[in-house]
Every structure is written in structure tokens, then in C-alpha cells.
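*Asks:* If you want the building blocks of each chain, they are given just below.
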Amino acid sequence: MVFILVWEFIGRVNFIPSYLFPPFSQVMGTLTYLILKGEIVEAYLITLRRVILGFTLGSLLGIVCGILLSYSKTLRESLYPFFSFLAVIPVIALLPLLMIWIGLNELLPIVTVFLCSSIPVIFNTLSGARSINPELVRIAKTLGANDVKVIYTIILPLSLPSILSALKIEAAMAWKTCFVTEMLVLSSGLGYYMLLAESTLRVDILLASLIILSISCYLFYLLFERIEVIMLSRWGYTSK
Amino acid sequence: MTMIELRNISNFILKNANLKINSGELMVLLGPNGAGKTTLLNVIAGLVKYEGNVLFDDKPVDHLPPHLRGIGYVPQGLALFPHMKVYDNVAYGLRVRGIPKNEVKKKVREVMELLGIWNLREKYPMRLSGGEQQKVAIARALAINPRILLLDEPFNNLQLSTRKNLRLEVRRLQKMFNVTTLFVTHDIIEAEELGDRIAVLNNGRILNVGTYTEVIPTISSTIYRLNVLYGKIIGILDSGLAIVECENTKFIVPYDAEDNPPSEVTITIPPDKISLSKIKPKVVTNTFKGIAKEVKNTSPVEVLVSINGIELIVHIDYDSFHHLNLKENNEVYVKIPIRYIRIRGAK
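Chain order of the listed sequences is A and B. Under this note's numbering, the residue at position 131 of the first sequence is numbered 131, and the numbers go up by one with no gaps. Under this note's numbering, the residue at position 136 of the second sequence is numbered 136, and the numbers go up by one with no gaps.
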């Protein structure tokens, strides 16, 4: 609240020209106008679709790979160095390469989001699965569970806290990656919309877009945090 | 009921172990930490690699994976599935075997009611007491109607009274289900109270198999340095106690009066149940003044105490030892709780 009041004050006193630093109320007015006009909604929905697709596919692959790596020593020893190598490269640095391989099409932002989501989820899933008490797996086997059932009933659910903490952070990262990809190389989506606003010096639109980005990241974070809290509370790990 | 036979079992811990457990028998596997007790259970369950043969009812099962051996296993840490409610924990084995839902419900309820834990069915394991968790683990193992029940030091970290109740519970259920059972412990009292027979394991080798009286010399001479004293009953008290004199020292021991009490008896005292103090304790029963003849800085600390010529080994944890500040040749009061002393007829 203080932040908003300071913002409004600085914008109003004309210490900085208002076209460079519009007051909060003006930004909100612009945001309302853009939403009603539908322009920003259209751009937002394009970005949202890319984020959801890339993030869902990336997370799923990350979870499956992480579980398989935790279960098979051979797989772990052969693939872990490869994933470690990928993990240290920022996805944006891969963009020129992906542009050549994939082209400037709808698949590009989805692949960048996919790559940015999958690698951290692999590592967190692997670390979560490997921290499970091995006795639980042994007991499940003596009780009659085969490997598939052990994964489905023991390893996957017990890795969920680690998976969810990765998803919480990577969901926001997915938005940011998609945003940057759109700004740098694409001609649609919220990132591109911001780029257009920058070319016409519409700082109010830039700030409105940033507010939308920020809220989207935060909502995704909250969603996974809520799931995590409910689940852990049910298992008795945290007090209700 | 299933007979278990281990033939020449060897692996990274076990050395040529041979053991035969009769159908419906409750055998206790007794040995110190690191002896290979858990590994032996894991061999029977098919959870570790080994050389040699495991036979159930004279048929080799070495080729069978754990989920096809029909084992009910209660591990040391209990390994209750933390993300499942008590009901789901107990039902797990039946569900993964594809048993129809109504049969699962019936069986789970039956076993849980037998153990008196049906009221806990909606709770998660983290919210249960230690004793309740033990019962859930036992119920989960029994629910699958196992051919063999393996219990790996299941009562560790429980209070003495809870342990005693659970021992009785295990005995009752074992007889009721008539399931061949191997119970691992390093507690000699637990072994005596539970086992039809006791197998003594040390350094990966099975040293002796037999009843408590038969294996006690092996135990005291090899693995526990159990205090074994020989004496005679010189008086019987009303409250289930007797006075036993060993080399001019009188011990009060628990004793169920017999018509013809043996004149010569053996009493055994576990070293870890004896306490030492430099201040005279208020309770004088079985409290003696002695001298610390030898102090070994092992873990636990081993103190050799001499009382009127009788030498007793005492194990105390490092913190107590540090607090006691005991040196060799120091005078010390030795207190032996009555309930831990065991008396037997003459050897």
C-alpha cells in the first residue's frame, strides 16, 4: 500500500515527466481500458496458452525422468551428466539455436518454456525420490507390489513435496522465459505487446503489462503452494 | 504354516549361515548390533543378494522376487507409509495384489479389530503414538495372510511397559494366525520371553540354536558378556521373590514358587540394566557397595565392578559415565533392578 502511495505521489508531483513515470492511477486506468478493448487480453491468452503447454509438458517429462533416474542406477549414471550439462545453460542462450532448428513459429516459445521447466523438475524429483526411506520401498515389495506399483503408490506421492517446490518456482520462471522469448523473437503474445508499447514510449502500457506478468507469476506460485500445504497437512507433517 | 530352511547362506555379512525354523514356530534371532540379523531377514524376504539356498517347505525360493514370497515384514523403523491413512497402510498389501475391494475391507477390519486399532483407521501414521504405530505395522504384515512373519527389532525405542504389552500381543497373534515367525532382537529378556527357540547370531555366523537354557552359555561367553552367577536359594518371600546367595552376597530375585525349589540356581543380570552411583541410593534392595576394578572407554562404557569377590560387568552410556566421573579403584554403589534379574534351575 505504501509502495502504491509513493508511486502515485512521484507520478503526480511532475518531478519526472508523467509520460516517463505515470502515476499508479493512470496505469490502472490504462490497464482497465486495454482489458475492455480486448487487445491485452488477446495477447495475454496467447502467452498463457504457451506457458501452460510448455510448462505442463516440461513438468511431466521432468517428473517421469526424475522418477526413472531415481529408480534405475544405470539410467542415472548415463543421463545425469547430460542433464547436469543442460542445467547450467540458461535457456535464453539456446534461443538462437532453437530459432534455427525450430523456426520462428508457435513451437518456439513452447519449447523454451518446456526446457526451462523440465530440467529443474528432473533434479528436484530425483532428489525427492532419493530422499525416500528405502525401507518403504522394500516393505512395499514384500507386501506384493511390483516395480510399477512401487513407483505409482510410494515413490511418486512421496516425491510430491520436492516436485511441488520445484513447480512453485518454475511456474514463475516459465512466465518469464515465455515473456523474454516473445520480446526477443516473436510477433505475438504479452512480451511482444510490451515491445510495441516501448516503441511508442507508452510507459503506462509497459507498467500495466508488468503488473499482469507479476500477478500471473504469483497466482501460479500460490496455486502450487496451496496444493503443497493441503497435502503435507493431510499427511500430518504440518499442524492444521 | 511354512517351514523355513537356510542352507549355507553367505553374502557381505553372513558367513555360511544354516538355520531351520519349524512350521508355526516363533524363533528369536538374538545378536548384538552389526551381527547380521537384519541381513538374515532380508535374505529370507529376498531383498538382498546371497549365495546358498532359502527353502520354504523344502522348496527353494531363491528365484522368487520379494513380492512373490508371501512375507509379512515389520522392519526396525516400521516403515509405515506416511502419505496413507492407517486403513490404507493395512490394506496396501491386499490392494497391490488385486484383491476385490469388499474382501479387502473385510480382511482389513478383521485384522485391525484383532489388534484393537480399528478406531485409528482415519488417522495418518505421524499422528499415532509409538505403540499404536507398532500395531499398525504388525496389522499391515498380517493382513496379507503371510506364510512367514519377520519382525526386526520392532519394539525399539518404546517404553518398557508398552514393550511388555506388545510382546504379549505378538505371542497371541502368532499363535492365532499360526504363522512361522522370526523375531529379531538384541534384548535378551525379549528373546527369553518370546522365543520358542533362540538362534544366536554374531559376526554373521549362527553360533547356537536352542531354548533359552541351552543357548545361554553361548550368549554369555561370546556376545553379551552377560553376568551369570551361580548360587542357592536361601529364602522365599511372599511377593513372588526369592533370596539367592552367591558367594556371601544376597540378591533378591523374581521367583515363581515351586513345590520343590532347586537348591542350586543360576542368575543372569544384563550389564546394561545395572546402574552405578557414587552417592548411596535411597532404595537399598539389591544395592551393593563395590569397587570399579576396570573401566573401558568403549561405547557403551564397560565397567568391571567387584562386590565381595563377585565381578559384574556394567554397561553405561557415555553421558552417565561422564557425569559419574568414575575412575578405576573408586568406590561405587551398584544397583540392580529386581525385574531384570533372571533365575534358572541349576545348570
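Read the hints as simulated data drawn from the structure, not as lab findings. Model, not experiment: these values are computed from the prediction. Incorrect hints may appear among the rest.
Partial pick of chain B residues on the chain A-facing surface, computed with a CB cut under 10 angstroms [what the hints assert, rightly or not]: (1) 66; (2) 70; (3) 73; (4) 76; (5) 82; (6) 83; (7) 93; (8) 95; (9) 96; (10) 158.
Simulated pairs of lysine-lysine, DSS-like, Cα-Cα distance not exceeding 30 angstroms [stated by the list, open to error]: (11) B:85 to B:15; (12) B:164 to A:73; (13) A:149 to B:164.
For each residue, glycine too, the CB sits at the ideal point set by N, CA and C.
*Asks:* For every hint, state whether the structure bears it out.
*Replies:* Against the structure, the hints come out as follows:
1. 66: At about 4 angstroms, which falls below the 10 angstroms cut-off, the nearest Cβ of chain A leaves the hint on residue 66 (chain B) intact, so it holds.
2. 70: holds (9 angstroms)
3. 73: Residue 73 (chain B) check passes; min Cβ-Cβ to chain A is 4 angstroms, inside 10 angstroms.
4. 76: Cβ of residue 76 (chain B) sits 8 angstroms from chain A, so the hint holds.
5. 82: holds (6 angstroms)
6. 83: This hint holds: residue 83 (chain B) lies near chain A, its Cβ roughly 5 angstroms from the closest one there, short of 10 angstroms.
7. 93: holds (4 angstroms)
8. 95: Holds: closest Cβ of chain A sits about 8 angstroms from residue 95 (chain B), inside 10 angstroms.
9. 96: holds (4 angstroms)
10. 158: violated (18 angstroms)
11. B:85 to B:15: violated (40 angstroms)
12. B:164 to A:73: violated (43 angstroms)
13. A:149 to B:164: The hint is violated at about 36 angstroms.
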